[in-house]
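Engineer: Full structure from sequences and hints, please.
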Amino acid sequence: MRKFILTLTALGFLYAPAYAKTPTETITQDIIVKVNGLVCDFCARALEKVFSKREEVNGIHVDLDTHQVSIDLKEGSDIPDEDIKNMINDSGYNVREIIRD
Amino acid sequence: MLMNDVDANSLHVHYSPTAKYSVGWRHEYLRGPEAHADTLALNYLAKRWNMPAAQANLYIKSGLGVAYDGDNTDPAAYTGLATDWENRRFFTSYENRLFWADDTDKFIKHKARVGVAPYEGDYGDVHTWVMLQADYDAGQDDSFSLTPLVRLFKGPDLFEAGYNLDKGILLNYVHRF
Chain A
1303 MRKFILTLTA LGFLYAPAYA KTPTETITQD IIVKVNGLVC DFCARALEKV FSKREEVNGI
1363 HVDLDTHQVS IDLKEGSDIP DEDIKNMIND SGYNVREIIR D
Chain P
966 MLMNDVDANS LHVHYSPTAK YSVGWRHEYL RGPEAHADTL ALNYLAKRWN MPAAQANLYI
1026 KSGLGVAYDG DNTDPAAYTG LATDWENRRF FTSYENRLFW ADDTDKFIKH KARVGVAPYE
1086 GDYGDVHTWV MLQADYDAGQ DDSFSLTPLV RLFKGPDLFE AGYNLDKGIL LNYVHRF
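Heads up: the sequence lines are chains A and P, in that order. Per the numbering used here, the first sequence starts with residue 1303, numbered consecutively. Per the numbering used here, the second sequence starts with residue 966, numbered consecutively.
Don't take every hint at face value.
Stated by the list, open to error - Heads up, simulated DSBU-like pairs for lysine-lysine below, C-alpha to C-alpha not over 35 Å straight-line:
1. P:K985 x P:K1076
2. P:K1132 x P:K1076
3. P:K1026 x A:K1336
4. A:K1387 x A:K1336
5. P:K1026 x A:K1355
6. A:K1387 x P:K1119
7. A:K1336 x P:K1012
8. P:K1119 x P:K1012
9. A:K1355 x A:K1376
10. P:K1026 x A:K1376
11. P:K1012 x A:K1387
Said to hold, decoys possible - Every beta carbon over 10 Å from chain P, so not counted as near; a handful from chain A, in silico:
12. V1337
13. V1359
14. G1361
15. R1402
In case anyone wonders, no lab produced these hints; they're calculated from the structure. Keep in mind it's a predicted model, so treat the numbers as computed, not measured. From the three backbone atoms N, C-alpha and C, an ideal C-beta is built for every residue, glycine too.
Structural biologist: Right under this line is the structure:
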């Protein structure tokens, strides 16, 4: 019985760090951009191509219902509003408003 | 881009340095004269109207190259305007094309479409449009025809299939790289 308890305790110490480990999460800052002309999924693919070239960007999400683009930035990164406007324009759209968290 | 209908089969390969224009190569097989045409194609976005819930465009599409059949080779050129308006539910477009290749072929064609989306998909979904295309060829006897078609697209791929009520199958495919 004692050996069994010692074995369980050893296994607990062995595997506890795995369960206690806090999953690393990249804390991202969302920038929401309200965009004019955003009505077509096929055409909006240009946005992904333009934003994917920026190293500050984890990814974007396009919402055709609300006509918004959400930008996920890498931790510690930022993109100036002027750059965002230029990238949206380069994709063929216009910026109506930029909202930061 | 691959386009096929009763009048022609064509392959377009374009590069868009900016959203304002694209440049590329267009090869087409013109079924009437049984001739081929290779053109350097330039599409220019002359004006775009970006509205809160809609978009409209005006393009100028032109090309310059050669047309050839088994016996002759002629210089070839085309130009035309294309315009469209769409929101999440409705679509309408019109384009014309003036094509000249001396003795090989010449035509002026008009094409208009109206379409409706039976549902509004989210970004990344399969999107579906039901459309009706009207074609008018200014030089042909049977110059007017209608083609009901379905447009599907998902991600970077777009596919259209239709049947011209007078003449035959329409089949188009576009891939964005």
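Engineer: For every hint, state whether the structure bears it out.
Structural biologist: Hints, verified against the model:
1. For the suggested pair K985 (chain P) and K1076 (chain P), the alpha carbons sit about 23 Å apart, so the restraint of at most 35 Å is met.
2. Between K1132 (chain P) and K1076 (chain P), the direct Cα distance comes to roughly 16 Å. Compliance with the 35 Å bound is thereby established for this hinted pair.
3. The suggested pairing of K1026 (chain P) with K1336 (chain A) holds, with an alpha-carbon distance near 31 Å, which does not exceed 35 Å.
4. Among the hinted pairs, K1387 (chain A) with K1336 (chain A) is consistent with the structure: their alpha-carbon atoms are about 11 Å apart, no more than 35 Å.
5. Between K1026 (chain P) and K1355 (chain A), the direct Cα distance comes to roughly 29 Å. Compliance with the 35 Å bound is thereby established for this hinted pair.
6. As the CA atoms of K1387 (chain A) and K1119 (chain P) are separated by approximately 26 Å, the hinted pair is consistent with the 35 Å bound.
7. Annotation: proposed proximity of K1336 (chain A) to K1012 (chain P) holds, straight-line Cα distance about 21 Å (limit 35 Å).
8. With a CA separation close to 26 Å, the supplied pair K1119 (chain P) and K1012 (chain P) stays within the 35 Å bound.
9. Simply put, K1355 (chain A) and K1376 (chain A) have alpha-carbon atoms about 13 Å apart, close enough for the 35 Å limit, and the pair holds.
10. Distance restraint check for K1026 (chain P) and K1376 (chain A): the Cα-Cα separation of roughly 40 Å exceeds the 35 Å cut-off, and the hinted pair is therefore not satisfied.
11. Simply put, K1012 (chain P) and K1387 (chain A) have alpha-carbon atoms about 19 Å apart, close enough for the 35 Å limit, and the pair holds.
12. The beta carbon of V1337 (chain A) is not kept farther than 10 Å from every beta carbon of chain P, the shortest such distance being approximately 8 Å.
13. The beta carbon of V1359 (chain A) sits about 17 Å from the closest Cβ of chain P, which is more than 10 Å, so the claim that it is off the interface holds.
14. At the 10 Å boundary, the C-beta of G1361 (chain A) stays outside the reach of chain P, the nearest C-beta of that chain being 12 Å off.
15. Look at R1402 (chain A): its CB is around 21 Å from the nearest CB on chain P, clear of 10 Å, so calling it non-interface holds up.
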